[in-house]
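Asker: So the sequence lines, in the order shown, correspond to chains W and F. For the first sequence, numbering that gives the first Met the number 0 begins at 0 and goes up steadily by one. For the second sequence, numbering that gives the first Met the number 0 begins at 0 and goes up steadily by one.
These are computed hints drawn from the structure, not numbers from a lab. Each residue gets a CB set at the ideal place from its N, CA and C atoms; glycine is no exception. Keep in mind that the hints are not guaranteed to be accurate.
[Claimed, not checked] Simulated restraints, written as ranges between beta carbons of each label pair:
1) G18(F) with D198(W): 35 to 43 Å
2) G92(F) with E143(W): 22 to 30 Å
3) H113(F) with F163(W): 23 to 31 Å
4) A287(F) with R236(W): 25 to 33 Å
5) E165(W) with A43(F): 45 to 53 Å
6) G91(F) with T65(W): 46 to 54 Å
[Stated by the list, open to error] Here chain F is said to cover these stretches of chain W; the calculated rule only asks that three of the stretch's residues, wherever they fall, bring their Cβ under 8 Å from a Cβ of chain F:
7) 73-82
8) 98-107
9) 117-127
10) 141-151
11) 159-170
12) 180-189
If you want the building blocks of each chain, they are given just below.
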Amino acid sequence: MTAGPATRAEICVLACAEAWRNDSKMLASPMGVIPALGARLARLTFAPGLLLSDGEAYLLAPDEGTVEGWLPFRSVFTLVAAGRRHVMMGAAQLDRYGNQNISCIGDWSRPRAQLLGVRGAPGNTINHPVSYWVPRHTPRVFVEAVDMVCGVGYDRAAAVGARFHELRVVVTNLAVLDFRTPDHAMRLRSVHPGVMVSDVVAATGFKLAVPDEVPVTRAPAPAELALIRDRLDPGGRRERELA
Amino acid sequence: MSAGQVMGADDVAGELRSGMTIGIGGWGSRRKPMALVRAILRSALTDLTVVSYGGPDVGLLVAAGRVRRVVCGFVTLDSIPLEPHFRLGRQGGTIELTELDEGMLHWGLLAAAHRLPFLPIRAGLGSDVPRVNPELRTVRSPYEDGEELIAMPALRLDAALIHLNRADPAGNGQYLGPDPYFDDLFCQAADRAFLSCERVVDTAGLLAAGPPQSLLVNRAMVDGVVEAPGGAHFTSCVPDYGRDEKFQAEYAASAASPQAWRRFCAAYLDGDEPDYQDAVRRFRDGAAASP
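Isolated chain W (complex conformation) (with noise of 0.2 Å):
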């Protein structure tokens, strides 16, 4: 096993990971290098009953060889729909209340960068749990309004009555955060080793919730960082997605 302290990228898998901690019997469709080591992570360790693709359409059983079901499109659909899933979206955008844009930048009408479209992101948001991974921390992403509402926030989600709504955690390069507070505004959860609050307050485009106190984000225990660092990710992929 590599020696040294967990780096940056590894405090980012491990906080994917504990977006999952509570999660069973449900897939996790982690989007981007990451998450995708997170959520792997969380299988292995505190989240077995997670269900994880292969990106197309099997299921792979923990040992990550075989295969041990087939969930082809138009199943993940049923399975958004019936709530069996909880989803880390990235996100071109994001507000206070957690509404996310990954469809265009600019007017919608005539973008001045199209990017994805909604893809799943207002079906997802609207049916079960979804957090978002945000590799670069700062308030060109983190907005007063987003361009595009793509993925549902709290505020609009109260508006329409959803009965299915949750927005669990943010992870960013820099913080962890989340929607805990009594309005459901974007709150500061923890700052990562090394991180000042200063930092992330800098870094976002509207006013964070900051409590008193912000602890510091769990470093991965070394059973963990062996995991990430000799099965999960020999490579090293997960320090180019922070580079």
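Chain W is fixed; fit chain F onto it per the hints.
Answerer: Chain F alone, transformed into the frame defined by chain W:
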């Protein structure tokens, strides 16, 4: 082997009309009926509305100016997340867009296949999808719960185009890869459906290749069969072949400038399908020679 419904790719394009709503099967850059798309590029068809889990099918048709409107939840090349020609079309304001959640698109096709005017769905509520699609309506559950839901309208298609691994001449079609995507639904949502495949085999040959549940479409759902080896290129068509990543990168680079697009057309698209496949072979040999 009887002739059945076998026809050429250009014959399929000849059955279509400008202004039609065309559904295209596959997903992203996976098992797209690219030979049929290339046949459309050789035709004079224009002003199309394209309904798709979008990939380079959408990108090519947009780049060639054949599309008035795209109906989709995304357009992507998978390994290259953003489809560059679709981006140019959107940013240049040359195409209209009906932007839907992926699940809404599924539900719209299902409603059309079932001859229903709409199907209720939660996806879309609270998001900006209703803002950019002001024609969308909601419906309230008539039961005790009284929940308000999006009434996703049927996405009825004039024609569907899909690509499968095998088919018989009558139009019974088989997928051998991991995911059927929504190709059966596209056919059932369409007035007419055209299937291209890697290989036309006799009917008994289908079950020799895979189990009965791999027979995704039957001849009652299909109006024409095209044998098109490499017909999904450069998208994936496993187990026959995977995505041609190097060629996909070449395609993506063609969005760099109008000149680059014209060069790509001259190299690959201006001839017929055999010319295209020859040019792809030359590209592959060249790529192998210069690592």
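Asker: Confirm or reject each hint.
Answerer: To see whether the hints hold, each was checked on the structure:
1. A hinted range of 35 to 43 Å for the beta carbons of G18(F) and D198(W) is inconsistent with their spacing of about 56 Å.
2. Distance hint check for G92(F) and E143(W): the Cβ-Cβ separation is about 26 Å, which falls inside the suggested range of 22 to 30 Å.
3. Between H113(F) and F163(W) the C-beta distance comes to about 25 Å, which sits within the given range of 23 to 31 Å.
4. Evaluation of the 25 to 33 Å hint for A287(F) and R236(W) yields a pass: the beta carbon distance comes to about 27 Å.
5. One distance hint, 45 to 53 Å for the beta-carbon pair E165(W) and A43(F), holds here, with the actual separation near 52 Å.
6. Roughly 48 Å separates the CB atoms of G91(F) and T65(W), a value that falls within the hinted 46 to 54 Å.
7. Chain F is given as covering the region 73-82 of chain W, and this holds because 4 residues of the stretch bring a CB closer than 8 Å to a CB of that chain, at least three being needed.
8. Counting residues of the region 98-107 of chain W whose beta-carbon sits less than 8 Å from any beta-carbon of chain F gives 3, enough to reach three: the coverage restraint holds.
9. Taking a C-beta to C-beta cut-off of 8 Å, the region 117-127 of chain W contributes 9 residues in contact with chain F, enough for the three needed, and the coverage statement holds.
10. Three residues within the 8 Å Cβ limit are the bar, and the region 141-151 of chain W against chain F gives 5, so the coverage statement holds.
11. Counting residues of the region 159-170 of chain W whose CB lies closer than 8 Å to any CB of chain F gives 6, so the stated coverage by that chain holds, three being the minimum.
12. Check result for the region 180-189 of chain W against chain F: violated, 0 residues qualifying (beta carbon to beta carbon below 8 Å, three or more required).
Taken one by one, the earlier hints fail for this structure at numbers 1 and 12, listed in ascending order.
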